[in-house]
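Chemist: Whenever a hint applies, use it, and build me the whole structure from the sequences.
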Amino acid sequence: MTAMAHVEVNNLTVTARNAAGETFPIVSGIDFALKRGEVLALIGESGSGKTTIALTLLGHARPGATIAAGSIRVGDADLRALDAKGLAHLRGNRIAYIAQSAAAAFNPSRTIMDQVVEPALVHGLMSRATAEAKAVELFGALALPFPDTIGARYPHQLSGGQLQRLMAAMALITDPELVILDEPTTALDVTTQIEVLRAFKAVVLERGATAIYVSHDLAVVAQMADQIVVLNQGRIREAGAAAQILHSPADDYTRTLMAAARPAIRPTPRQADLPAAPLLEIRGVTAGYGRIGKDGQPRVPVLRDINLTIERGATLGVIGESGSGKSTIARLVAGLLPPASGQVLLDGEPLPPGLAGRSREQFRRVQLVFQNADTALNPAHSVGRILERPLAFYHGLTGNAAHMRVLELMDLIRLPRNLIDRNVGGLSGGQKQRVNLARALAADPQLILCDEVTSALDTVVGAAILDLMAELRRELGIATMFISHDISTVRAICDDILVLYSGTMVETGPRAAFQTSPFHPYTDLLIGSVPEMRAGWLEESHAGRAPPPVGAASDHPDLCRFLPRCAVRVDGLCNITPPPRHPLAKGSRILCHHGDEGLIPS
Amino acid sequence: MAGAPSTSGAKTALILTAKRFASSLLTLFLVSLTIFVIAQLLPGDAAQEALGQSATPQQVAALRHEMGLDQPAPVRYVNWLTGMLSGDPGQSLVANMPVADVISTRLPNSLLLAALTALVAVPAALAIGIGSAMNRGGRIDRALNIATLSMVAVPEFLVATLAVLIFSVKLRWLPSIALASQDMDWSDYLRGVAMPVLSLSIVVIAQMARMTRAAVIDQMDRPYVEMALLKGVAPVRIVMKHIMPNAIAPIVNAMALSLSYLLGGAVIVETIFNYPGLASLMVNAVTSRDMPLLQACAMIFCAAYLILMLIADVTAILANPRLRAQ
Amino acid sequence: MIAGAFHRAMALSVSGKIGLALMLFWLLIALFGPMLAPYPVGAFVAYDVFDGSSAAHWLGSDYLGRDVLSRLLSGARYTVGLAAAAAMLASAAGTALALTAAVGGPKIDEPLSRFMDMLISIPSKIFSLVLVAAFGSSLPLLLLIAAITYVPGNYRIARALAVNLAQMDYVQVAKTRGEGRFHIATAEILPNMIHPLLADFGLRFVFIVLLLSGLSFLGLGVQPPDADLGSLVRENISGLGEGALAIIAPAVAIATLTVGVNLLIDALPGRSKGR
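First to last, the protein sequences are chains A, B and C.
Position in the first sequence counted from 1, then plus 7, gives you this note's numbering.
Position in the second sequence counted from 1, then plus 121, gives you this note's numbering.
Quick note: the third sequence, position 68, residue 67 per this note's numbering, numbers continuous.
For the record, the hints were derived by calculation from the structure and aren't laboratory data.
Glycine residues also receive a C-beta, built at the ideal position from the N, C-alpha and C atoms.
Please note: incorrect hints may appear among the correct ones.
What the hints assert, rightly or not - Ranges between beta-carbon positions, derived for each pair:
id, chain 1, residue 1, chain 2, residue 2, range
1, C, K16, A, A136, 56 to 62 Å
2, C, L138, B, L147, 34 to 40 Å
3, B, D209, C, L138, 35 to 41 Å
4, A, P115, C, F181, 39 to 45 Å
5, C, F134, A, R24, 35 to 41 Å
Modeler: Written out as structure tokens, the structure reads:
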């Protein structure tokens, strides 16, 4: 195997230096080898060292880190023996890199074409004209729109998915023998991810380059990899052929990762003693930013005609991609954004639209939990102080009584009591999210608005938070609005589901209705885009295929907003008349011209 | 097609520039109001002071009328402002001649001093700032950091005093007094202003170099710089082709801030070297409480500041691809 | 507390330690300087004017034959004291206004910020010259003028910090908890601004030392018989031609104070290098 390996890494150790000046390893004892044309996936959670290892294949270590030991060979090049000049000669030439966030990795001040052809030019491989022609050819192969002119654009004029594909074009312009893909789809919405994955597979892999694919997502890796290396805290836990790792993992940690990636159904039986009256009701709400115009619409509308109810103790899942307005619903209920029109009712009583005019009791009953606990907890305060404030503010608890209640809350969220005096900066991501949750519970609320509470966390930690929330709901009977971009999670834990697309509700219904097709075309795209943990899914999924052609759209303001991406749009209908809202046989209501029969069957 | 702007970028840039220009004018107007109001707070009576204690009330009243002091404040403000705009900011009380004439003898000297200093300081500051950033954390960078850090905090009169001690007292190379006059030839003039320029440059170079370094380093940590490195781009090309287009706006801003200092901030240097510039004129106006002259000088300095900041902001607008594209 | 401060001091870089030492030195001189002076401040004690260093007069004599060291020891008190008080006043006022703007909404923020932007476009030396011309230069007025001159700068920095912090999720959470503006400003926002504000206070102090010494040097600052370090440079300016110690010593004194504070600020942890 060693004799024919194209890329070989032996006993690699990378060290870093901490604030006290001590050197410690961040990855150690890494060995792997791959043949020409193979794809090796490095899998792991944050802090596993997967990106660190990937960068060493370019001879690069981030500031503060050093490649301390081991050998790295790519073809005939021994990367550790090369000086800066020698490495620069390889980079962007024989070895290419595709970065995680293309939006940040493209220079905002230069055109795409300038940057795409730069590797070919700085290495003197071809003339500018030849390079540009080759770039245009790659743009076409990567299914980018307007391949002839897209190069003249600046990064801010393009979407994340387009930039990610353009970055692939930049990597491939020199026909590299090794391509490093560093979480290339992590920053993308799931429906965009599938398109980018297809483009990568068609172009990057089929050109015969050897590739290293870094990811935290086993299902994505299942589509791409021949070999998988599972990493944890800088060490290899398990390595082997992709099929073996995916179907018969040997290591406990790999099994934990696999389990967390498939969210378990967490049933939440409604408490019998709660009356069935709706706790929260949103009636015909339109909201957005900027001045409200003559038509009653704000200048930048974010939500259009939202109607929903949450029963006492129930969980409503709100799902949509970035920019769909899902977080705005939470801000609206919490009073941070007054609606332009419509009403929010709590327990049958209308809530004042903004913060002003709400009573302390009304504030107490609705609590907001933000996605990112790093920014949701004041870094200047200790855990104890954060939890005591709502106790004093709402319940007048101070001194010993408050302290006792804080201890109870710490037990409730399973945090060791000795963390009370700790500043939040010293807690792990999962611990912070627990404190974040506990602060909401301290108010003794009736409704918790959870905005993407697990998406900033690693899968395993996030799964533990979901378990905790399910348990708290069972015990305390608190209603929850669970906002997420991840349809699998929402389908697993919510009683009712609302699918939001570009500020409009496209499908609503009980959980059961989201287990069986047909779906609204957008729901269908969302569900069909979630990668499955088996090879071949990417080729089989119908999601993300090009929609049928339609004529120009009329200028009716209430036209279906999903029209440009819809796979079942009908010319002369969808682009002319606004869609009606109507029920499907399975129990959900959709906003679409199609009934049960016109939608995509599973 | 994502993100295609509906209005053209050039038009947006033009609109923004026009807005920025209007905002500068508004600010200048507010500044004139502030300066006028503060000047009105002056205790005592300008006419009384001009005539001295022995003047009769009738004489004072007559002078008050002549100076327009018997009119209500808003009227006086409008008169003063329209005077300023038409190039006649009033009569200097002490020199007893039009303020415009007093200023016109001094302004060219100030501008020349500022221009010469800028000529020396801008290239030096750019070189130090960029060089320091490229050597970040290294020995040269740390040494330059301490040096510029000290230079920005040193009072100008220490720099000027040391310059005099070294160049005219010990070495006897340069005259210790810079007299700008019409009949001097260029070599005399340059020898005369060498030390004022040197003293001003030291402070200004340090300020600009520090801000340039900060602007470049701010960009160096961006992912696109790592990407360029991983494309095999050489360090000098990374700085020139990748970082500079993004750092140009804050650098020009830093330059503008420091250059604005060269007019009003030259007060001490002008005084030490007896250089007949606008700033020392203003000090004289303060000492003699010559309010019309003082107000006019202050307005010139504020206008200069606003023009420089306007240039910096327009540069930022033009350097931003979001506004420049298409 | 003291042990903590000591540990933090030991963690400073070499230049930071030098800065701290210089700052503490001048603080002590400001407090006890006059007691240490070998001669009375105004006494004519030397036989000659502009003497060099000697055993009797370490820093020589001035243009009237007074002891420069004694004058410097008492002058430092004016320079350090006035600047520290003015910097504190400017920082307190600027930060209070900035917090008001950050939590008060656009109706308070916009006019206030507009006004401060206007003030900031009057170069600080020019602004203080206008104020001196209008109000005069007694010690309390000088203090006030220096403070007013540097309020807009502090306001701009503090407002930028506060507005950023006001967008943070934890402030949003406090708002939806129903907290009042005062609590949000003082308990949620202010504690997270302290470090950059301390650095800014140091910078203001340096600016004000330079401004006040500059004014005194021009004869518009501290008036005789009081004398700060800038006044000492001014009164001995006639010795420039002969390179008198009497003019160098106070100028160097000011430089060690301002450079020291600057070095210390730059070495403070968490401060982005090079600003």
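Chemist: It remains to establish, for every hint, whether it holds in the given structure.
Modeler: Here is what the structure says about each hint:
1. A beta carbon spacing of about 60 Å between K16/C and A136/A agrees with the range 56 to 62 Å that was offered as a hint.
2. The supplied range of 34 to 40 Å is met by L138/C and L147/B, whose beta-carbon atoms lie about 36 Å from each other.
3. In this structure, D209/B and L138/C meet the distance hint of 35 to 41 Å, their C-beta atoms being roughly 38 Å apart.
4. A C-beta distance of roughly 40 Å is found between P115/A and F181/C, which places it inside the suggested range of 39 to 45 Å.
5. Judged by the Cβ atoms, the range 35 to 41 Å given for F134/C and R24/A is violated: they are separated by roughly 56 Å.
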